[in-house]
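Novice: Residue-level listing of the chains:
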Amino acid sequence: MTTSITKQLLVIGNGMVGQHFIEQWLSQQAAHQHDDCDWQLTVFAGEDRPAYDRVHLSDYFSDGNAGKLQLAADSFYSDNNVTLKLDEPVLAIDRDAKTVSTAKARYFYDKLVLATGSYPFVPPIAGNDNAHCLVYRTIADLEAISASSKDAKVGVVIGGGLLGLEAANALKLQGLEAHVVEFAPQLMPVQLDKDGGELLRNKIEQLGVSVHTDKATSSITEGTEQRLQLNFSDGSLLQTDLIVFSAGIRPQDQLGKDAGLELGARGGIVINNQCQTSDADIYAIGECALYQGQLFGLVAPGYQMARTAAAVLAGDNSQSFTGADMSTKLKLLGVDVGSIGDAHGRTPGSISLRYRNDLAGEYRKLVLSPDGKQLLGAVLVGDNSYYDTLLQYALNGIALPGEPQSLILPQTSGKPLLGPAALPATATLCSCHNVSKGAICAALDSGVQDLAGIKSCTKAATGCGGCAALLKSVVEHELTARGVAVSTDLCEHFSYSRQQLYHLVRVDGIKTFNQLIQRHGRGHGCEICKPAVASILASCWNEPVLAKPHVALQDTNDTFLANMQKNGTYSVVPRIPGGEITPTMLISIGKVAEQYQLYTKITGGQRIDLFGATLDQLPLIWQQLIDAGFETGHAYGKSLRTVKSCVGSTWCRYGVQDSVSMAILLENRYKGVRAPHKIKMAVSGCTRECAEAQSKDVGVIATENGWNLYVCGNGGMKPRHADLFATDLTDEQLLSYIDRLLMFYIKTADRLQRTATWMNNLEGGLEYLRDVIINDSLGLAAELEAQMQLLISNYQCEWQTVLNDPAQRARFNSYVNAAAPARSEFGFVPERGQLIPTRQLKIDSKETSL
Amino acid sequence: MSQLAYALDSQSGVQQQPALLCHQQDLVPFSGVAARFGQHAIALFYLPGQAVELYGVSHIDPATGAPVIAHGLIGESGGDFYIAAPLHKQQYRLSDGQCLSDSTLKLQVFTVQLRDGQVWLSPDRMVEPRGC
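Chains A and B, in that order, are what the protein sequence lines are. Counting along the first sequence from 1, when you hit position 30 you're at 30 in the numbering used here, and nothing is skipped either side. Counting along the second sequence from 1, when you hit position 60 you're at 1060 in the numbering used here, and nothing is skipped either side.
Everything labelled a hint here was simulated from the structure, so no lab data went into it. Note that the coordinates shown come from a computational prediction; the quantities given were computed from them, not determined experimentally. No incorrect hints appear here.
What follows is a set of in silico ranges between Cβ atoms, one per label pair, in the way DEER data are often shown:
| hint | chain 1 | residue 1 | chain 2 | residue 2 | range |
| --- | --- | --- | --- | --- | --- |
| 1 | B | Thr1104 | A | Lys511 | 40 to 46 Å |
| 2 | B | Gln1113 | A | Gln518 | 27 to 33 Å |
| 3 | A | Asp731 | B | Gln1024 | 52 to 58 Å |
Taking beta-carbon pairs under 8 Å as the criterion, some of the chain A residues facing chain B (in silico):
| hint | residue |
| --- | --- |
| 4 | Gly523 |
| 5 | Val551 |
| 6 | Ala552 |
| 7 | Thr559 |
| 8 | Lys566 |
| 9 | Asn817 |
| 10 | Ala818 |
The beta carbon of each residue, even a glycine, is placed where N, CA and C say it ideally should be.
Isolated chain A (complex conformation):
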């Protein structure tokens, strides 16, 4: 081990950014232990108290407690071997000797960091040196305002920007009659547009703060009623007891200037993207630094600089500061104000959308790229709940929804939040501490269990707090994803979701369960994965479900192409497309039912269910039904059940289209298509909706001009009305949309997930679905239609196939070594003229010897 050398790192300034630098430096040191040298960190503070939170400065007036604003515990510095020199401002830097001087001593440095911040600009107005002319930046300033307010009645803030309004709030909290004087024609001219400024003014005046815009102060003289008098250039006057200047900030760059560091034309110490000044051993961060001609008067960019400088000093050159987003949201005098990106729409060709409601005092503006697809900027006044979503759209370049105005229009049922799932892992949630969604996920993966844990471990939402709501939703979403659905694994045999398995089957051209489990799974399968894979294989290739490789995968109902009932007998449902049936066909069903003494009932889907058939009877029954012209109805399958219809324009005096023909067309088109769950459809011939199409997965309602398409409804345990998807479609459009929709559902839904749940879980919901199906946003339309066409052309009546194959037919023998059981063995009793199962079937399951 070599003898280590101790090097000196000095930081000038212990404001928020200087403090953040210390923390970042310490964590860098912890991460990279250098054995060749030790660093001694010394921090010089001009104020007599350690770093405190300037963002929430006016809290000092609400609770009068300066201690609460302090950022780190007193012991933080000594605990971490950081020497903090309070009330010891640095007076000069000697770059040749590499020393800094204070009133007390000279200190040698190897590396120096300037975090000197800024100072409030006091305009050169005659009389601005009066004892009651103050500024608003430090706790000492607040103490002075407080003292001056003691016997005062009126207070004026010069400057109607962000800090000026904060200061006006401080005056109001002191019980003063507060005025704001702004040189520009509006409040907050940097962040807000004219309308936003106007609305903010209205709100602030309602709160009892007088606003004077377009006012240039030419002098401050002694007052008659109050202590001071402001004389404006337009000849008007305003009397006040104290004045707070808040006309902007200027970088505190004097030390750098004296030391000969390169400065900007209008001040600011020039830095490169590693926060180095023109002297490679001297760094500058925060409000004193100038990067590419820009100063950054917000805490988040300052923190980014602190982080960069700490990393570079620790030898990690991969970090860089490349400018920062200046978006901001805050509550000024209780009024929400937000400004994102290009709030003024300065981008050439940009488009703006505005919502202004003077009644509620709300204003929102979106600035869109010339093609209307991306969000460049936004202005919010009155309600910041829109901010987080908009900021994510702007920062991450997320494609806007088809109707971007939905992002700022008032919603009757909840805000259109950008779902946490839609955010990319790289999305920055907390810009103060540069915490990405990926970092949150990593923390959760490493075992952090809750929001509080995430905050303390990543520091997210502990800076300005603006991201707190978004952070919460991301953490909750990710916890849910980890907790409720610990994984999306289908079962213990496949570490894939249904969607992933579907993809594997398609891409690898897998034709059997055995191929799939050998390549992508383990073990021997179970009652979860076997039918799910069988369904996927059928959805992809549409081979008969009872073909040899698939037969052992099917659920009982699919195995026997019938629905098993409680006593072990089966029910039979022939297809009756659209519910239309000839009397002859009806009679033939009746004859079969009569012959086999089947309990007969009309179903909700406009067809006929025959109950009580034994396994051995099924082929006999179906032979007769097929001979009479029927096909299987797939009542047993996760597939299209029925397409219900009203009688339509053929008979009905109200009908506007032939709903029966359309229903028959749809039913014959999609019959037999295997899906993640059953699919129901209906077609109504007019808006009276007698077919109840809006309670179906696919609902079609006739209009004068064509068809309206409704999607993703269902009845059942949790009924849901279908959503209107497209209007006035031609027959061809209708079919192609349904083709695409069904295939996209088959491709992406979970096992046993109906279309309604599927759509609800799609990020972007209905809007996204429209984009994919109608606008072909994923470029899938042609492929989806082709895949559906394959399924349609491979259709066969499964019962016909079974009856043609003696081997398959043998499967319907109840016993391999005995005659068919008499139907009476199952126990039937008559009721209302038909046979139903005996009520008590449960028997003692006691074991016996043979």
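With chain A held as given, fit chain B onto it using these hints.
Specialist: Chain B alone, transformed into the frame defined by chain A:
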């Protein structure tokens, strides 16, 4: 009372000789078929290539009394094979008939063997009643 044709009342006398139930080609690989022996209905599950290739359990669903067990799906968990009852999906371990989700339910187990293409029911290792 007619479903009692399947009920497990004792028969007079105890079987002494192995009995031929059916032939190998009657079995459906990785699935089930049902066979009768006297008044018993036996579900036969055929798993070619596995350590135990043939299992025999009662075809009667203990939860409902319906003769349906052979029509359930075979599952595997941690190397153990089970049958998922088709009506309500209870899982029964094929090796001993124990229901995995309800300790009060159990399938009677029959000792069956596949020999020279024939399925035999053995008398020698009959599972005795376990007083329940």
